[in-house]
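These are the residues of each chain, in order.
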Amino acid sequence: MSILLEQVTKSYGEQGILENFSLEVNAGELFVLLGSSGSGKSTLLRIIAGLTPLESGRVLLHGNDVTDLAPQKRGIGFVFQNYSLFRHMTVGENISFALDIQHVSRRERAERVTELLELIGMAGLGDRFPSQLSGGQQQRVALARALAHQPQVLLLDEPFGALDAKIRIQLRQNLRMIQQRLKVTTILVTHDQDEAFELADRIGIIERGHLLDIGTPSELYRTPRSRFTASFLGNANLLQGQRRNGKLYVGETELSAAHGPDCHGNQSVDILLRPEEVELAQHPDQLQGQQIGRGIVQDVVFAGAAQRIAIRLLDSDEQLTTLNALLNTSDTAIQGIIPGSQVWVGFKHYHVLPQTPN
Amino acid sequence: MREVKLRSPLQFMLVGIVLLYAGGLIIAPIAAIVQGAFGKGLDGLFAALTEPDVIHAFQVTLFLSIIAALVNLVAGVVLAWVLVRHQFPGKRLLSALVDAPFIISPVIIGYVLIVLFGRQGWINIPGIQIAFALPGMLIATIIVSMPFVTREVMPVLANLGPEQEEGAYTLGANRWLTFWRIVLPEIRWSLLYGLALTFARALGEFGAVVVVGGAIQGYSESATVYVFRALNDRNKIGAYGVSIVLALLSVVLLMGMEQFKRRPKTLDVIQEEVQDVDFIGTSN
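Chains as they are written, first to last, in this note's numbering: chain A, 671 to 1028; chain B, 2 to 285.
Isolated chain B (complex conformation):
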């Protein structure tokens, strides 16, 4: 990529604005959180993070995020496959619905789940409480983090085309083997990228889980819901401490995702370097 050296005052101003914008929106809040978290030193932070409610909140968040990521991993690939490889009535509608969680407020998603699964809801499964419990929070988390895998995998599948799969069929591979041996290796980086995004989104979810889970302390309280309560309780160290851990997890994921994004390019670079010099060997 070509880089332009800063020359005119206008260019300096532009870069300055970008730095201020990024600094103001990202660095300042992080600095504030770090400062707040260490208000009572490292010991204070450690004590806040080992509170039973905090540990439970992290357990809830990790449970929701891992299960939602796994469910969306499978469902996302199936959705992407169906949307790319098949023609059927209502395909465009389904494609639009996949993006719905991007545009619908998570609070509304949580509320809809209460309407569906609440005490006077449309759906009641005897013996299983969904609303104001973990199952409801899990469904909410799965919904809000649904689009990522599908949207990451779809363009790669479309670009791959059906030819390699057809090639595998003619060589005797059934559909499952073809997916496992041919398609999966091709989509693996986009799949991992989508998985990381799904996990990060699930990790930070607040609106839907607070509504459908009811924010019951020590029961249906995720890490983000705990931060909200701790702030209300003026427990700054607890709120900031949990925030830092969530932020750290996101940063690690972000760095991992950058790796996923870089990997597939290496092959293209090799391709460009190969010249179409051919030779025919004798085969006697």
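Chain A with its partners taken away, still in its complex shape:
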């Protein structure tokens, strides 16, 4: 394991921030810790860096216990949300700071700065001051500075938080490319699910100091383990279902096992239906998956490549009243779907959430 956290606990005063938090991140992996603000994700990153002391637990980097080691001795690179560039130093001086501390020769420092400036696409800008750079450029300099001393571990705390959407997307691609090239074990902390999906080899969902879910982006999206993950990642129709005699029901509608997992026992379960799995058709025989019933279109929102449609189901009980659907704009089924029109509703696939003691 490249980064290993064992039972990490931290609180500020009475307020618990992290409670027995354990995590393993593989060597060379880009791991994204995704959580809302106040979930404890930044604190965790600071604990790994040694900037915030922990109360109990252990931090191991590449097999070495660094729990009691100062940040200077952990061999990490850290990119702060506000970049924290040294304002009185040029870009080149910022990048070579760590090498300067290590008494690396002037020639080697200059070579490394040139190499890193090329890597971040800012060749020739080494003599500028941070105040002469745009936000996106400052962010890239912060990344280059954090990589200059070839750290074993790279930690990024909401690195794109202060940038506008277009630049953010460009920089994500840039970061992914650099990380894959250098193969440095990386943890990135963010609240932005698009960022997590685009960058992560694996994602960890953190909420109130607990790791709720962990997996590849696709695993977490398709087969989340908790209601929180299901609704935090993308849009979710969460339905209450009943297991009865090996069959799964939503209200009185039986869900076919052909479109979801097998089920056993008698109990109530949470069922996830992603909006893109919902089908709409003018006639019931046009549905490819399982039919649920008829509905009335309440709202249609144009969102470029897709359209978001809210449907109120007719003839259904309280458990199943409204559904959100996401249909491709090019989909022929979208024809004639306007607010107030009647449609047949079905779905292609569903996921049953594991039972959690709640």
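Just so you know, these hints were derived from the structure itself, not from any lab. For each residue, glycine too, the CB sits at the ideal point set by N, CA and C. Treat the hints with caution; some may be incorrect.
Some chain B residues close to chain A (C-beta under 8 Å, calculated; not the full set) [stated by the list, open to error]: (1) Asn175; (2) Pro186; (3) Val246.
Since chain A is already given, all that's left is putting chain B on it; use the hints.
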């Protein structure tokens, strides 16, 4: 900044009052001092300023001011650092105590020092005379000029935040290197400004040093104490001459301080001009 052209009589009156106020309080006394100092021409002034007592008084003042400025430079930064970066019980009390020299009369500070270090004082160090001697005057000067560096540096440190320091730690710099290479360059202008204010305050100190020093002619007499004695002795040229030199030193410091105040703004101006236009270069 927008400037308003004078139009109404009320505006004329307002500006007139300001001019009279500034003229009456600053220009008139300076004019009086200059006139008094040159009462016996340039030669008379030169002779007064080269008197052994005057030279000694300036030596005392410069000694006190330089040492007090240096001590408060170091102590002020440490105090500012502790007050901004650390949380501890009694922090607010300490913060209030830093300002105490602003509100306590220097005469009282001098008197307290006599109570502490006088012949029957609480503290006696064998072989070292503190009260009625230079060490007592130095302590008094350090106390009265204490708040300036701390108060100038504190807001800059608070504004800087701990992020740049933490950034330096993660890059391998220890605390001392971080202070020297990262913090000091950031606070340098406020530090110099605070230093200039400290020096100017020490230069003009009278009440505390006259009480604790005892105003012994040719021994514990600073420039301001000399002015006081010269006025009592009706030695107008000596009093005004020394005053002019002190005033000139203050003016030079004042002009220097204005420079310090202007310097840091240049970077902000550049920042505003930079547009957030970004480009991603290829890095193959």
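Which numbered hints are broken by the structure, listed smallest first? 3
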